[in-house]
Amino acid sequence: MPEHILQMRQIQKTFPGVKALDNVSLDVDHGQVHAICGENGAGKSTLMKVLSGVYPYGTYDGDIVYEDRPVEFKDIRDSEKSGIVIIHQELALSPYLSVAENIFLGNEKSRRGLIDWDATNSEAAALLTRVGLDLSPHTKAGNIGVGQQQLVEIAKALSKEVRLLILDEPTAALNDEDSEHLLQLVGGLRDEGITCILISHKLNEIRAIADVVTIIRDGKTIETLRLDGGDVSEDRIIKGMVGRDLENRYPAREPDIGDEVLRVEDWTVHHPTEHSRVVIDGANVSVRAGEIVGIAGLMGAGRTELAMSIFGHSYGTNISGTVYKRGKPISTKTVSEAISHGIAYATEDRKKYGLNLIEDIKRNVSAAALDKLADNGWVDGDKEVVVAEEYRQSMNIKASSVATVTGKLSGGNQQKVVLSKWMFSDPDVLILDEPTRGIDVGAKYEIYTIIHRLAAQGKAVIMISSELPEILGICDRIYTLAEGTITGEVTIDDANPEILMQHMTKDKD
Amino acid sequence: MVTTIKDSAGFLMSRLRQIGIFVALLVIVGFFQILTAGALLQPENVSNIIVQNSYILLLAIGMVMVIIAGHIDLSVGSVAAFVGAMSGVMIQSWDFPWWLALVASLLVGALVGAWQGFWIAYVGIPAFIVTLAGMLIFRGLTQITLGNQRITGFPEPYRALGGGFLFPGLFPPETNIFDWTTIGLGLLATAALAVQQFKARASRRRMGLDDEPSAWFTTKLAFGIIMILGMTYLLGSSRGGTPIVLVVLAVLIVAYSLVMTRSVFGRHVYARGGNLHAAELSGVKVKKVDFFLFVNMGVLAALAGLVFTGRLNSAGPGAGNLFELDAIAAAFIGGAAVTGGVGTVVGAITGGLIMGVLNNGMSLMGVGTDYQQFIKGMVLLLAVAFDVFNKRRVTGSPRFRPVVRPGKDNNDIPPPPSAEPLPDEDEALATAEPRRSQH
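First to last, the sequence lines map onto chains A and B. Per this note's numbering, residue 669 is the first one in the first sequence, and the count goes up by one each step. Per this note's numbering, residue 77 is the first one in the second sequence, and the count goes up by one each step.
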C-alpha cells in the first residue's frame, strides 16, 4: 500500500482581488487522522472545496494526487465516486425525512426505478449500528439532536464507501459528551482504515485525536506537525496559527469593582411550550459595577435561557422572581423595558438573533438605540454615520466603511458590530452570551480587551461561556449553573477548572 | 491617477445600480415613444397614464412597506372595492355629505386593516393566509353591500378625487397657452428639490461625510430638475392641467419615503423584515409594527378604492379585481425582496409606472390584452431575475464592495486575507452555528 492517500501540490486559488490559497501543499497518509487548523479566513474551507470538487478542476492551479493518480474532479459527485466525502459544518439533513431516507438521499436504493424500502431500511440500520447510533432508521431526522445528526451524516458518508472523510468543524455545535463520542468514532474509522481530514478550532480535540496537524495561515501552508510524540503543545499550534507567540491569551486587568448594579432574586422560568417544565429554578444572581461575572454551565444547563428570560422575558413562560436595579425592583417584561433600564444582551447566535445581515454596519449599530439618534421619531441619518464610524474605528471593525453589509464580515467583526450596537445603547449591565464563539484566536483577544474596557468604564458585565479557560481568564466571580439551578458561586481566586466542573455537573436533588 | 479613475468608475457602478430601475423606466418610455410615433408622450396621454395608474400606485406604496416587513397583502383589491361600495352606500342611502363619506371611508379602511393586522400581529397567522381570507371576505362583503347592483351618480367633489384637475379655470381663458397652476407647482417642486438637495449636502459636509463627487451631485440634481420640468411642461400643456390625484400621490410618495428612510418606525419596518429575531432582541415592538403596517395598508387601499370609484363614477361588485397583483408586481419590479428587509417606496412607484407605461404603450400600439398579459408577466420575471443576477455578481466580486470614502486608506492593494473575509465566506460566516437544541 502506498504511503500517501492524498497529495495536494502547490494549490493556488484566486478570487477576483483576493488570493485565497497561495501555494498550499498537503500530504495525507493512509489511515491517518489529519487535522487542519488555521484562523478564520486562512483558507481551510477553500482548500477542502478544491479537494472535493466544489471548485472544479481548472478553477485552481496545482495538482491533486489521490491514491497515486492525478485527479481532476468536476464536481462533488465526481469526488464522491472516488471515495472522498466531505461533511460540512452546517448539517444538510432534511428534517421531515427519515434517517434512512436521509442516508440514501441522492443515492437511493432502487430496483427498476422504484425505491427498495427493505434494502434502504436494513442497510441504514446496519450503518447506524456501525456509527454507534441506537436509533430506528424510521426516525425523522428533525427529531434527533445535533450530535446524532452528525453521526447520521457520517453513516451517510459510509454508505458512499468513503475512503477519505473530510469533517469540517464537526464538534462546533456539539456538547462535550457528543463530541467525545464523535471523536471516538473517528478513531474507530481510522482503525478500519478510513483516512480522515479534520478541520477544527478546538485544539484539545486535535491533540486528542489527530496524528498530524497541518497549519494554514493566510492561504499558505505554514507547517505540518506530528502529534504522536505528544510534545506539541496547544500553544505551539496557536503560535503557528497566528504567526506569533501568544504568551497571554487573556489581557491583564486591574479590577475596580463598585456597588451592586443588578440583582436577580428567586428567578424561575418555565419552558415556553411545555409549561410544567421548570427550566430555571430559583436562581439568584448579582453583578456589581466594573465587575465581570461569569456564568458557567454545560450545554442544556439553562445559561442562555436565564439570560434571555431576564432580558425582556425573551424566553420562557410563567416567569417569577424579581430583578433589582441598584436596589430598586424593576420590570423587564419587554425588551424595550429591559433596554430602558440599561440592560443589554448580546446573543450567542449573532447571525440568527444579533444582526440584520442584509443591512450595513451603521444600521446594525444603531438598531437598539435608534431613539438616541432621533428627534420626534425622525432619525438623523448623518449623525448615525458619524456614530457608526466612531465605533468602526474604536472597535477596530475591519470593513472598508460603515456602509458595508454585515453579512459580508467575518465572525469576529460581526461580533464587534453586535457589541458596538449594545455599547451605543449605553447600558449599565451587559450580558454577553458566548461572545467569542466561532471567532479566531486573534479576534478573541480583541473581544476580551473590549470586555475589559467596558468593565473599566464601570459597566457590570455578565459573561456566559462554555469555555472554562475563557471564564477563568477574564471573570472576577463565577456562577455555575446545572439543570437550571445555580449550584455554586466562586471568586476567581478560589476558582479552577476542577472546582467549576464539579459544580457544573452537580445533580439536582 | 489610476486610482481616481477606478474609484469614480466603481462609484458610478454602485450608484447606477441604485438608479437602474429609473433607467429601465426611461428606456421603456423611450422605446414606446418611438414605436407609437410620439403618441406616448402627448400631454393628454401622460395625464391619462397618471390617472389610470394612480390607484395601483397608491396601493404600491402600502404594499412595498408590507413586503419590506416580510409580509404580503392579497386583499387590497377586495378592500378597495368594499370601501368604494361603502362610500356609495354612505352617500346614497345614508345621505352623508361627500367629505364625511370620504373620511368615514378611510376609517373603514383603517378598521379593515386593524382587523387583518390583529390576526397577523397578535394571533400570529401568516399574512398570506389572513389576507387571502380577507380577499374573499371583503369581496363577499362588497357584493353583500351592493346587493350585486352598481351604485352610480357620485357627487362632483367626490368624483374629482379620481378624475378631476387642480383649479380648472383659475386663470382667464385668453392666457391659456399653459395651465399656469401646473407651471407654478412645477417650479415650486423644482425649487423644493434643489433646496432639499443642497441642504442635505451641507448637512453631510458639516458632519464630514460628503463622499459624493460634485459632478455626480450636479448631474443628479440636473436630471431631477429636467424630469420635473419636463413633466410640468407636458401636464401644463394638457387640457386639464394637474390631476388632483397626482397631487395626492406626490404628497404621499414624499411623505412615505421620508417615513421609510428617516423615521424610527420606517427603520423598524426594515429591521423587522431583515431579521425578525434580531429586531425583537433590539427592542423593536414587532407586533405593533406589524399591526400598524396593515392599518396603514387598509387606509391606502381605501383611498385607492375612493379614487377608483370616483374616476368611474361607479361602485361595482367586481371593482378592484386583481389590483393586489399589480401592486405586488410593482413592488417587486421596484426592487423589493420576497424575503423582506429590502425595497423602497420610490422603487415601487417606479415599478408601478413601468407596468403602467407598458400597458398604455401597448394599448396605443393596438396590442391585444392577451399579449399584454404575457409581456407584463415576462417583464416581472426578468426584472426580478436581473436583480437576483446583479446581487449575485456584486456579492461574488470584491470589486463592487461599497464605496470607500476618499481620504481613507483605499488603494489598489487587496486587503490582507485576515482583514476581509474571503469571497467564499462559509468559513468565516458559518462559524456561529445555530444551536437551539438544548432541551
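Source of the hints: derived by calculation from the structure; they are not laboratory data. Treat the hints loosely; a few may be bogus.
[To be verified] The calculated DSBU-like cross-link candidates involving lysine-lysine, where the alpha carbons are at most 30 Å apart (straight line), are:
| # | chain 1 | residue 1 | chain 2 | residue 2 |
| --- | --- | --- | --- | --- |
| 1 | A | 1001 | B | 275 |
| 2 | A | 1020 | B | 275 |
| 3 | A | 742 | A | 687 |
| 4 | A | 749 | A | 777 |
| 5 | B | 296 | A | 1051 |
| 6 | A | 1051 | B | 275 |
| 7 | B | 296 | A | 1020 |
| 8 | B | 361 | A | 1040 |
| 9 | A | 687 | A | 907 |
| 10 | A | 1020 | A | 870 |
| 11 | A | 1020 | A | 1112 |
| 12 | A | 870 | B | 363 |
| 13 | A | 1040 | A | 993 |
| 14 | B | 364 | A | 1020 |
| 15 | A | 1051 | A | 996 |
| 16 | A | 1066 | A | 1112 |
| 17 | B | 363 | A | 993 |
| 18 | B | 452 | A | 1040 |
| 19 | A | 1066 | A | 907 |
| 20 | A | 870 | A | 1112 |
| 21 | A | 742 | B | 363 |
| 22 | B | 296 | A | 742 |
| 23 | A | 907 | B | 296 |
| 24 | B | 364 | A | 993 |
| 25 | B | 361 | A | 996 |
| 26 | B | 296 | A | 993 |
| 27 | A | 1051 | A | 1040 |
| 28 | B | 452 | A | 1051 |
| 29 | A | 1001 | B | 296 |
| 30 | A | 1040 | A | 1066 |
| 31 | A | 1051 | B | 364 |
| 32 | A | 996 | A | 1020 |
[What the hints assert, rightly or not] Beyond 12 Å from chain A on every Cβ pair, some chain B residues (computed):
| # | residue |
| --- | --- |
| 33 | 96 |
| 34 | 103 |
| 35 | 150 |
| 36 | 283 |
| 37 | 296 |
| 38 | 298 |
| 39 | 324 |
| 40 | 339 |
Ideal Cβ placement from N, Cα and C applies to all residues, glycine included.
Query raised in the report: Going straight from one Cα to the other, do residue 1020(A) and residue 870(A) come out at no more than 30 Å?
Result: holds, 23 Å
Requested in this report: For the pair we were handed, residue 687(A) and residue 907(A), check the Cα-Cα distance against 30 Å.
Outcome: The hint holds at about 23 Å.
Query raised in the report: When you check the alpha-carbon spacing of residue 364(B) and residue 1020(A), does it fall within 30 Å?
Result: Given that 30 Å is the threshold and the Cα spacing comes to 21 Å, the pair holds.
Query raised in the report: Are the Cα atoms of residue 1051(A) and residue 1040(A) separated by 30 Å or less?
Result: With Cα atoms ~10 Å apart, residue 1051(A) and residue 1040(A) stay inside 30 Å; holds.
Query raised in the report: Does the structure keep residue 907(A) and residue 296(B) at a Cα separation of 30 Å or less?
Result: violated, 53 Å
**Report entry** Satisfaction of hint between residue 275(B) and residue 1020(A), Cα-Cα up to 30 Å
**Finding:** It is violated: about 39 Å lies between the C-alpha atoms, which goes past 30 Å.
Report task. Quickly compare the C-alpha distance for residue 1001(A) and residue 275(B) to 30 Å and report which way the hint goes. Result -> At roughly 42 Å apart (the allowed maximum being 30 Å), residue 275(B) and residue 1001(A) break the hint.
Query raised in the report: Does the alpha-carbon distance linking residue 1020(A) and residue 1112(A) stay inside the 30 Å limit?
Result: holds, 20 Å
Report task. Below or equal to 30 Å on CA atoms is what counts here, so check residue 364(B) against residue 993(A). Result -> Judged against 30 Å, a Cα distance of about 27 Å means the pair holds.
Query raised in the report: Given the hint that residue 870(A) pairs with residue 1112(A), does the C-alpha gap stay at or below 30 Å?
Result: Holds, at roughly 14 Å.
Requested in this report: Take the C-alpha atoms of residue 1066(A) and residue 907(A), compute the straight-line distance between them, and say whether it is at most 30 Å.
Outcome: holds, 22 Å
Query raised in the report: Holds or violated: residue 742(A) with residue 363(B), Cα cutoff 30 Å?
Result: It is violated: about 49 Å lies between the C-alpha atoms, which goes past 30 Å.
Hint violations for this structure: numbers 1, 2, 7, 12, 15, 18, 21, 22, 23, 26, 28, 29, 32, 36, 40, all remaining hints satisfied.
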